[in-house]
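Engineer: Chains as they are written, first to last, in the working numbering: chain A, 117 to 406; chain B, 117 to 406; chain C, 117 to 406; chain D, 117 to 406.
No lab work stands behind these hints, which were simulated from the structure alone.
Values in this document were obtained by computation on a predicted structure and should not be read as measured data.
You may find that some hints are simply not true.
Here are some of the chain D residues that sit facing chain A, going by a computed Cβ distance under 10 angstroms [what the hints assert, rightly or not]:
| # | residue |
| --- | --- |
| 1 | Cys129 |
| 2 | Thr133 |
| 3 | Gly141 |
| 4 | Gln147 |
| 5 | Gly160 |
| 6 | Glu234 |
| 7 | Leu235 |
| 8 | Ile237 |
| 9 | Pro240 |
| 10 | Leu391 |
| 11 | Glu392 |
Covered stretches of chain B, as calculated for chain D (at least 3 residues, CB under 8 angstroms) [what the hints assert, rightly or not]:
| # | region |
| --- | --- |
| 12 | 219 to 226 |
| 13 | 307 to 321 |
| 14 | 368 to 378 |
| 15 | 399 to 406 |
Virtual Cβ for every residue (Gly too), placed ideally from N, Cα, C.
Protein chains: 4
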Amino acid sequence: MHRERFYTLAASCPDRTGIIARVTGFFAEHQGWILESTFHADDGSDTSDGRYFMRIEVKADSLPFQLAELRQRFAPLARELAMDWRISDSASRKRVVILVSQQEHCLYDLLARWQSKELDIEIPCVISNHDSLRGFVEWHGIPFHHVPVTPDTKTSAYAEVQRLVDAARGDTLVLARYMQILSPELCAAYPGRMLNIHHSFLPSFVGAKPYHQAYQRGVKLIGATCHYVTHELDQGPIIEQDVIRIDHTDAVEDMVRYGKDIEKTVLARGLRYHLEDRVLVHGNKTVVFR
Amino acid sequence: MHRERFYTLAASCPDRTGIIARVTGFFAEHQGWILESTFHADDGSDTSDGRYFMRIEVKADSLPFQLAELRQRFAPLARELAMDWRISDSASRKRVVILVSQQEHCLYDLLARWQSKELDIEIPCVISNHDSLRGFVEWHGIPFHHVPVTPDTKTSAYAEVQRLVDAARGDTLVLARYMQILSPELCAAYPGRMLNIHHSFLPSFVGAKPYHQAYQRGVKLIGATCHYVTHELDQGPIIEQDVIRIDHTDAVEDMVRYGKDIEKTVLARGLRYHLEDRVLVHGNKTVVFR
Amino acid sequence: MHRERFYTLAASCPDRTGIIARVTGFFAEHQGWILESTFHADDGSDTSDGRYFMRIEVKADSLPFQLAELRQRFAPLARELAMDWRISDSASRKRVVILVSQQEHCLYDLLARWQSKELDIEIPCVISNHDSLRGFVEWHGIPFHHVPVTPDTKTSAYAEVQRLVDAARGDTLVLARYMQILSPELCAAYPGRMLNIHHSFLPSFVGAKPYHQAYQRGVKLIGATCHYVTHELDQGPIIEQDVIRIDHTDAVEDMVRYGKDIEKTVLARGLRYHLEDRVLVHGNKTVVFR
Amino acid sequence: MHRERFYTLAASCPDRTGIIARVTGFFAEHQGWILESTFHADDGSDTSDGRYFMRIEVKADSLPFQLAELRQRFAPLARELAMDWRISDSASRKRVVILVSQQEHCLYDLLARWQSKELDIEIPCVISNHDSLRGFVEWHGIPFHHVPVTPDTKTSAYAEVQRLVDAARGDTLVLARYMQILSPELCAAYPGRMLNIHHSFLPSFVGAKPYHQAYQRGVKLIGATCHYVTHELDQGPIIEQDVIRIDHTDAVEDMVRYGKDIEKTVLARGLRYHLEDRVLVHGNKTVVFR
Numbered sequence: 117m118h119r120e121r122f123y124t125l126a127a128s129c130p131d132r133t134g135i136i137a138r139v140t141g142f143f144a145e146h147q148g149w150i151l152e153s154t155f156h157a158d159d160g161s162d163t164s165d166g167r168y169f170m171r172i173e174v175k176a177d178s179l180p181f182q183l184a185e186l187r188q189r190f191a192p193l194a195r196e197l198a199m200d201w202r203i204s205d206s207a208s209r210k211r212v213v214i215l216v217s218q219q220e221h222c223l224y225d226l227l228a229r230w231q232s233k234e235l236d237i238e239i240p241c242v243i244s245n246h247d248s249l250r251g252f253v254e255w256h257g258i259p260f261h262h263v264p265v266t267p268d269t270k271t272s273a274y275a276e277v278q279r280l281v282d283a284a285r286g287d288t289l290v291l292a293r294y295m296q297i298l299s300p301e302l303c304a305a306y307p308g309r310m311l312n313i314h315h316s317f318l319p320s321f322v323g324a325k326p327y328h329q330a331y332q333r334g335v336k337l338i339g340a341t342c343h344y345v346t347h348e349l350d351q352g353p354i355i356e357q358d359v360i361r362i363d364h365t366d367a368v369e370d371m372v373r374y375g376k377d378i379e380k381t382v383l384a385r386g387l388r389y390h391l392e393d394r395v396l397v398h399g400n401k402t403v404v405f406r
Numbered sequence: 117m118h119r120e121r122f123y124t125l126a127a128s129c130p131d132r133t134g135i136i137a138r139v140t141g142f143f144a145e146h147q148g149w150i151l152e153s154t155f156h157a158d159d160g161s162d163t164s165d166g167r168y169f170m171r172i173e174v175k176a177d178s179l180p181f182q183l184a185e186l187r188q189r190f191a192p193l194a195r196e197l198a199m200d201w202r203i204s205d206s207a208s209r210k211r212v213v214i215l216v217s218q219q220e221h222c223l224y225d226l227l228a229r230w231q232s233k234e235l236d237i238e239i240p241c242v243i244s245n246h247d248s249l250r251g252f253v254e255w256h257g258i259p260f261h262h263v264p265v266t267p268d269t270k271t272s273a274y275a276e277v278q279r280l281v282d283a284a285r286g287d288t289l290v291l292a293r294y295m296q297i298l299s300p301e302l303c304a305a306y307p308g309r310m311l312n313i314h315h316s317f318l319p320s321f322v323g324a325k326p327y328h329q330a331y332q333r334g335v336k337l338i339g340a341t342c343h344y345v346t347h348e349l350d351q352g353p354i355i356e357q358d359v360i361r362i363d364h365t366d367a368v369e370d371m372v373r374y375g376k377d378i379e380k381t382v383l384a385r386g387l388r389y390h391l392e393d394r395v396l397v398h399g400n401k402t403v404v405f406r
Numbered sequence: 117m118h119r120e121r122f123y124t125l126a127a128s129c130p131d132r133t134g135i136i137a138r139v140t141g142f143f144a145e146h147q148g149w150i151l152e153s154t155f156h157a158d159d160g161s162d163t164s165d166g167r168y169f170m171r172i173e174v175k176a177d178s179l180p181f182q183l184a185e186l187r188q189r190f191a192p193l194a195r196e197l198a199m200d201w202r203i204s205d206s207a208s209r210k211r212v213v214i215l216v217s218q219q220e221h222c223l224y225d226l227l228a229r230w231q232s233k234e235l236d237i238e239i240p241c242v243i244s245n246h247d248s249l250r251g252f253v254e255w256h257g258i259p260f261h262h263v264p265v266t267p268d269t270k271t272s273a274y275a276e277v278q279r280l281v282d283a284a285r286g287d288t289l290v291l292a293r294y295m296q297i298l299s300p301e302l303c304a305a306y307p308g309r310m311l312n313i314h315h316s317f318l319p320s321f322v323g324a325k326p327y328h329q330a331y332q333r334g335v336k337l338i339g340a341t342c343h344y345v346t347h348e349l350d351q352g353p354i355i356e357q358d359v360i361r362i363d364h365t366d367a368v369e370d371m372v373r374y375g376k377d378i379e380k381t382v383l384a385r386g387l388r389y390h391l392e393d394r395v396l397v398h399g400n401k402t403v404v405f406r
Numbered sequence: 117m118h119r120e121r122f123y124t125l126a127a128s129c130p131d132r133t134g135i136i137a138r139v140t141g142f143f144a145e146h147q148g149w150i151l152e153s154t155f156h157a158d159d160g161s162d163t164s165d166g167r168y169f170m171r172i173e174v175k176a177d178s179l180p181f182q183l184a185e186l187r188q189r190f191a192p193l194a195r196e197l198a199m200d201w202r203i204s205d206s207a208s209r210k211r212v213v214i215l216v217s218q219q220e221h222c223l224y225d226l227l228a229r230w231q232s233k234e235l236d237i238e239i240p241c242v243i244s245n246h247d248s249l250r251g252f253v254e255w256h257g258i259p260f261h262h263v264p265v266t267p268d269t270k271t272s273a274y275a276e277v278q279r280l281v282d283a284a285r286g287d288t289l290v291l292a293r294y295m296q297i298l299s300p301e302l303c304a305a306y307p308g309r310m311l312n313i314h315h316s317f318l319p320s321f322v323g324a325k326p327y328h329q330a331y332q333r334g335v336k337l338i339g340a341t342c343h344y345v346t347h348e349l350d351q352g353p354i355i356e357q358d359v360i361r362i363d364h365t366d367a368v369e370d371m372v373r374y375g376k377d378i379e380k381t382v383l384a385r386g387l388r389y390h391l392e393d394r395v396l397v398h399g400n401k402t403v404v405f406r
């Protein structure tokens with residue numbers, strides 16, 4: 117955790133000799149003070165080729181130029197290394213739109229973290245298919261939009277959600293137990309920027325009522341999974357997971373209760389990794405530079 | 117978790133032959149339907165004598181009499197077995213007074229659980245030595261009392277706290293990161309009914325700034341402890357503990373952040389055990405019938 | 117843990133009023149000293165009927181008769197309550213046959229526990245489809261049988277395994293990473309007495325190469341599962357599970373290595389529960405009285 | 117995990133701009149292929165000055181020279197950066213001397229890992245103050261030395277241990293539940309190369325009988341700590357720790373049993389980090405590049 121303003125480079129490129137030297141050499145040349153840096157070489161054992169991942173935090177005022185110029189100066193090197201890259205600025209807070217349904221545990225948890233500045237973000241609005249959490253959200257000074265979703269109105273409802281997100285200039289979407297199957301359009305609209313919390317230890321118990329499935333199977337631990345949303349239900353790249361022990365005395369409703377504690381923690385951790393540009397997507401997997 | 121009304125017997129007595137038979141025989145005689153029952157014999161290896169602990173849930177309407185009569189009828193047997201005992205009624209919700217300071221994470225967490233009825237309790241009031249959380253508490257319809265505490269006014273301040281608790285007919289007190297050292301009078305006033313959450317894995321790092329202590333010692337896990345308050349600081353019977361992994365990259369402020377997640381979970385679990393009469397104090401230790 | 121000789125009743129029966137009173141009353145009547153007792157009512161929410169489970173340890177010399185007479189005297193009550201029941205004697209050590217392949221981690225772990233008497237069992241023999249661990253096993257004074265298994269000889273090989281187990285009067289079989297798919301006959305021969313350790317957190321990653329499957333899916337935790345063997349591969353009742361955290365830096369071989377630590381611990385815990393008659397099978401699930 | 121031969125640089129130096137660029141630039145200049153690299157800046161919040169830590173694995177045959185020349189060529193840069201540094205070769209297996217007493221769980225565990233090549237080390241000898249594990253060790257083809265220790269012979273006994281270690285050219289010492297308080301001379305002889313496993317979650321329960329201490333305090337988790345030995349008992353830099361849950365039903369002997377599982381796992385993990393040059397000592401703390 118760094119209090120001073122910093123820039124974060126998150127990037128990947130084909131593996132080759134000298135990548136770190138080239139990239140850190142660029143910063144060193146300009147007296148850039150590196151606060152944190154992590155590198156990872158994926159040897160390509162599950163794909164055809166090796167790929168290199170990196171994340172570097174540089175103190176903003178150690179550089180003799182501003183963000184725009186940094187990006188401009190870095191671009192030629194990035195091009196040479198055939199990089200996918202982005203540089204973010206700790207001074208620009210991300211704009212996170214939260215989607216909820218009726219369950220409040222993740223929402224309370226996220227707003228407590230936002231309130232205490234643990235999550236240093238803007239929440240331009242909360243969107244829900246129910247109106248029940250309006251008062252709580254509005255008390256925090258956050259706009260609340262009620263967009264009902266019925267089988268017949270799905271398409272228009274999700275178009276409205278998308279319109280609201282865009283109007284609010286949301287750059288990250290969090291499905292905080294939104295409990296709805298999104299339209300393919302909405303799934304596709306924010307690639308790598310829409311996070312879901314699924315209430316099972318994926319890939320076990322995909323789909324509806326995972327705690328009931330877990331109860332039937334008699335597992336001894338239950339879990340939760342934070343992942344990016346893709347067009348395939350519960351199949352997106354996994355960012356974070358955790359589990360909690362249960363036993364034969366626990367009924368489904370006990371599992372639901374235990375599960376909530378895991379869900380909110382896993383979602384908060386996954387979201388933090390995302391917000392700090394610690395997550396790089398690689399195919400259907402993630403590199404998470406904790 | 118049982119939806120129907122039930123009575124809970126929590127008791128301990130000197131160990132001898134036939135205790136379970138006598139106690140469950142009493143319920144069987146009256147057609148009492150036992151929903152859950154747990155027994156534990158402490159062999160006295162750390163004290164002089166063996167002691168027997170039990171907790172029994174009986175469906176209320178399976179018995180042919182009401183709570184008062186149940187207590188009256190059970191009393192002779194309890195006397196014969198030299199029991200410490202209590203019988204509570206799931207229909208009488210406990211009255212939990214929460215004490216907070218300026219940190220909101222435990223308060224948000226407890227109110228979310230109360231709001232969703234996960235914690236089926238009354239919160240007659242919240243008391244704080246700061247005024248900052250008043251709005252949030254009052255929005256929930258819960259009275260908020262600001263009782264400033266200064267070195268000079270400690271005695272009168274804690275007398276006022278005690279007056280407020282008693283006026284609110286609070287039966288359980290939760291120090292949800294209250295961060296104040298109580299007066300001996302207040303410590304003594306609610307024995308076995310005042311829970312604290314300490315931000316370390318006790319007995320490590322007693323007292324102030326435990327995360328700083330943990331940082332200095334270079335531990336690889338940090339923790340939190342929910343315990344009953346006694347007159348000795350951080351020495352009361354431990355109800356629940358948990359830990360989370362950290363590493364050399366974590367500064368004290370990261371540990372504080374991770375710690376909050378453990379604190380609120382451990383407090384919520386410890387409080388639940390207490391509220392469900394699952395905790396029996398034995399000397400300076402607890403039997404927790406999970 | 118009790119040093120003195122004791123009998124263990126493990127039983128289940130249809131739920132009704134007064135079961136505990138009847139059963140513990142039986143022991144009390146004979147001055148039986150109950151060391152440990154646990155009860156569990158399954159409300160039948162996932163089946164049609166409620167069922168009651170119990171496990172009771174009674175000090176052997178507190179009873180005025182021997183095991184055979186205990187069983188005989190208990191039988192009428194068991195019949196009346198329509199019980200499935202067994203009573204074991206802590207003085208009769210269970211006879212555990214271990215089946216291994218080439219990986220040694222579970223075998224070393226089990227023999228260390230046996231050597232130190234942590235597992236107070238007889239190991240009448242070890243059976244393997246390879247000869248490589250013979251020396252290690254025989255050094256411990258345990259007979260070792262090499263029974264090669266090829267696709268063509270499966271039936272006769274497993275018949276030979278069964279012959280060896282029966283000749284050794286084995287009552288429990290442990291597949292300690294045996295890595296072979298058994299014949300239906302062998303699966304059926306020791307119901308509720310053959311334990312397997314599967315190297316994934318079931319139901320995820322059934323079948324072959326679970327660590328490769330886990331790597332492909334990009335999960336953030338891997339696990340192991342100890343379960344009873346049934347005719348369906350990796351589908352038997354789960355006794356114990358655990359997980360360990362991995363991240364993007366871990367290749368499949370790292371996962372294999374981490375996995376071994378979980379496998380041996382989970383197997384040892386599951387086996388201990390089984391040996392102490394703490395596991396009661398209920399349909400395809402288990403009640404584990406820890 | 118890398119199968120090909122590689123060199124590992126483990127180093128620390130005062131923090132300044134451009135360290136990574138300089139060091140990785142050195143390797144890039146010689147076409148060195150970096151397999152793994154980790155960096156950490158300690159901001160000096162608990163000491164007076166910032167310090168920079170790094171660990172870099174370079175594929176051996178990507179460099180145009182051998183280890184000796186690598187060290188020679190790297191030396192000027194190291195000098196310029198005022199580095200503490202070492203470069204090891206994955207082809208030179210470390211020589212680990214194991215010290216044990218009578219408990220076998222850690223020894224079995226380490227030898228299983230050595231046998232399977234999970235730990236790719238030499239074990240030139242095992243030293244014990246008892247003779248009971250001789251047969252097991254010698255069966256593995258490892259020399260065993262029995263060096264009795266009595267209050268009167270401590271000094272000469274530890275001198276003999278030191279003589280045996282040096283004669284065996286041991287570079288790392290592992291106290292695998294050796295259970296003896298070493299002489300100050302022995303403690304000082306192998307700084308940063310002698311690992312102990314303590315059977316508590318330090319700093320709780322320093323010294324003798326930690327499980328008894330834990331039982332008395334009524335903690336809900338017990339742990340183990342792998343640390344470097346220094347002259348102060350149980351106060352050396354912590355490398356790894358872990359915990360396991362217990363409850364009121366666990367007697368001291370149960371805690372001992374659970375504890376063993378944690379002890380061997382924590383020791384094995386700590387030892388692996390040490391062997392792979394992942395541990396850098398910083399004052400009384402460690403940086404562990406996992």
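Engineer: Now tell me if each hint is right for this structure.
Structural biologist: How the hints compare with the structure:
Interface restraint check for Cys129 of chain D: the shortest CB-CB distance to chain A comes to about 14 angstroms, outside 10 angstroms, so the restraint is violated. Evaluation of the Thr133 of chain D hint against chain A yields a held restraint, the C-beta minimum of about 6 angstroms falling below 10 angstroms. Because the beta carbon of Gly141 of chain D sits about 4 angstroms from the nearest beta carbon in chain A, less than 10 angstroms, this interface hint is met. Against a cut-off of 10 angstroms between C-beta atoms, the interface hint on Gln147 of chain D holds, since the closest Cβ of chain A lies about 6 angstroms away.
This hint is violated: Gly160 of chain D has a C-beta 13 angstroms from the nearest C-beta of chain A, more than the 10 angstroms allowed. Interface hint status for Glu234 of chain D: violated, as the beta-carbon distance to the closest one in chain A is roughly 19 angstroms, over 10 angstroms. At a threshold of 10 angstroms, the smallest CB-CB gap from Leu235 of chain D to chain A is about 23 angstroms, leaving the interface hint violated. Among the interface hints, the one on Ile237 of chain D is violated; its C-beta lies about 25 angstroms from the nearest C-beta in chain A, farther than the 10 angstroms criterion.
Because the beta carbon of Pro240 of chain D sits about 34 angstroms from the nearest beta carbon in chain A, more than 10 angstroms, this interface hint is broken. Because the closest C-beta pair between Leu391 of chain D and chain A is about 22 angstroms apart, greater than 10 angstroms, the hint is violated. The interface hint given for Glu392 of chain D is broken, as the beta carbon of that residue sits about 17 angstroms from the closest beta carbon of chain A, more than 10 angstroms. Counting residues of the region 219 to 226 of chain B whose C-beta lies closer than 8 angstroms to any C-beta of chain D gives 0; at least three are required, and the coverage claim is violated.
Under a criterion of three residues with beta carbons nearer than 8 angstroms to beta carbons of chain D, the stated coverage of the region 307 to 321 of chain B is upheld, 5 such residues being counted. Coverage of a stretch by a chain is defined here by at least three residues with a beta carbon nearer than 8 angstroms to that chain's beta carbons; for the region 368 to 378 of chain B and chain D the count is 1, and the condition is violated. Requiring three or more residues with a Cβ within less than 8 angstroms of a Cβ of chain D, the coverage given for the region 399 to 406 of chain B holds, as 6 such residues are present.
Of the numbered hints listed earlier, those contradicted by the structure are 1, 5, 6, 7, 8, 9, 10, 11, 12 and 14.
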